[in-house]
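Asker: Going line by line, the protein sequences match chains P and S. According to our numbering, the first sequence is numbered sequentially starting from 1. According to our numbering, the second sequence is numbered sequentially starting from 1001.
Derived from the structure by calculation, the hints contain no laboratory data. Just so we're clear, the structure is a prediction, and the values are computed from it rather than from any experiment. A hint or two may mislead.
Derived list of chain P stretches under chain S, where covered just means 3 residues or more per stretch with a C-beta under 8 Å from a C-beta of chain S [unchecked claim]:
(1) 91 to 105
(2) 111 to 120
(3) 230 to 240
(4) 278 to 288
Just so you know, even glycine gets a beta-carbon here, dropped at the ideal spot from N, CA and C.
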Amino acid sequence: MIANRSIRALPYLLTLCTGTVLLISQDPYWIQLVLGASLLAILALSWDILSRTGQVSLGQAAFFGIGAYASALCGDLGWIVGWLMAAAVCGVTALLLGLLTLRLRQVYFTIATIALSLSFKVLILVFGTFTGGASGIAPPMIGDGNPNVQMCAVLVLVLLSILASDLFLSDRYRPAFFMIRTKPSLAAVSGIPIVRTKVLAFVVSGMLAGLAGAAYAGLYGYIVPDDVFALSWSIMPLAATILGGMDSTIGPFFGAIALKVLEGVARNYVGGVGYQIVYGVVMILCIAVLPKGLAGLLAAVREASSPRHRATGAGVTERVL
Amino acid sequence: MDISGLIQTSMLAVAVAGLYAAVASGLTLEFGVTRIVNFAHGEFVMLGAFITFFLYSDYGFPFVACVAVAGTAMALLSYVVFVTFLARVLKQDEHNQFLATLGLSILIVNLAAVLWTPDARSMHPENLLPALQLGGATLPGNNLLVILISAAMYSALALFMRYTRYGIQMRMASSDIDLATLCGVNVDRVFTLSFVIGGFTAGVAGSLVALILYVHPLVGLDLVIRAFAIVALGGLGSIAGAVIGALVLSISEGFVSTFVPEGGSWGFGVAFVLIVLVLIIRPTGFFGRSIQA
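Okay, chain P solo, but in the shape it has when bound (with noise of 0.2 Å):
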């Protein structure tokens, strides 16, 4: 169990970590190379929280876009306010959409997940007396512009998502979660809130969503619709989140660290247009190869060295039912 907390606590202490060092080094290039990765990790946290309840999302994008527009109407009010303002809008975007959406099973939630996405940002278009259409709008600058705020505002909403994704990890949320994804019926005969957990779940995922779009925008000042409603932000967070793993905290952080990794090796040899296709391997390889990503890999050499835990059956992505 001692293993199994400190594995628990090592994305709390490497995001520390990172921003001890990044303050004191004040290294520009990494600087920029942890801020991607933070806004990743937070949407792939805020992906399998959602995933867990059995809703495969394709519509973070969505959010991610109204956060960004959110924040970025708010104008002259400031950045802090913008974020509120974009935690606001999703939550109550979520809220509204996830008691629309609930009865859709599976793949129809996923289906109405990636229109909406492509309907919010006509929405944005159509009323572009107001929010700039299609040439763009410019929110407030975290910190105006100061690499140092930047950089801590980013990595609390990281410590903000970590904490998130293992709140609804902790006994008190996990079997409600995991029992509605693979046996709703035994779920409601349980007395599990159904409605509610999974309105929960969408509304706890679109706002974290939310804050990274209200984070993408504050950190690069200029937002066009084109940019912040793409499929890729939908995308990205579901290959990071195969790629580490999914149901746990460490699969989707350290699955967004590795992926902008690789993303990175990708840019380096097939350059700007089409080093997505390392989303594409990474996803068709762990889904035949790995199915439980990284994390499951880890768990199962550890269980393969120590018989202790066979005995306990503690396994990190181990699954109620």
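Fit chain S to the supplied structure of chain P, relying on the hints for placement.
Answerer: Leaving out everything else, chain S in the frame of chain P:
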């Protein structure tokens, strides 16, 4: 709004519906039999479109030959993909099956972007049929050809499913896999066959894309998202439902983009509203059976 404008919009919408139905019928066939939601289906359509484009513009093949080659090539590719990759994933849960085909789709899209650049291109086909005149409106010959090819493909598919031995086995496997196995149906072969036929329809649909749309690596993704909407409307697994769904989506899209100001970019919005409305009223689509997970 005059009457010829209405006829014009409707005729073009029916041609687009033919294309949508060609894409959606393969998707729904594959799902109906194997229960795999094949996200990569759109990519087979895209590859079919590129094959047609290259054969027609660079090598001067006649269009009919392009259709045959694209269909056959995609049937073969589908076979290879199914046997080497998807058959393996079949044993995993639905979650992973969907993610596997999504990964395949991302891989093929980006491979195409690397090989052929992301630019859109048109093969500028000459009209292969005379234009259709109706009540002051004109339907270009190539759009008419799309309707005809799509209708022919649908009829062939429907007859095959209704009367041939393999068609009956497929329908049996799709309604009760255990019963089919007990009756001596070779389920593996039927699964593979559904993907081969699905791949063939995707290749042919690709030729239709090249005929009336621009060819570019993302064209398959655009179409497959709409095809999902159509299949959701018509009911997953129902081929007749796919045709009706295609008509509903294409006509509503056509009318929104013609008669709503700035409605040209509303396509996905229309699709989304339709999906949500239909699924809330009738969660299994117009023609779908309820499918037990």
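Asker: If a hint holds in the structure, say so; if it does not, say that too.
Answerer: Going through the hints against the structure:
Remark: the segment 91 to 105 of chain P is confirmed as covered by chain S, as 5 of its residues place a Cβ nearer than 8 Å to a Cβ of that chain, reaching the required three. Interface restraint, the segment 111 to 120 of chain P with chain S: holds (7 residues with C-beta to C-beta distance below 8 Å; minimum three). Closer than 8 Å: that is the beta-carbon criterion, and the segment 230 to 240 of chain P has 4 residues meeting it against chain S, so the requirement of 3 holds. With a threshold of 8 Å between beta carbons, the proposed coverage of the segment 278 to 288 of chain P by chain S holds, since 8 of its residues qualify and at least three are required.
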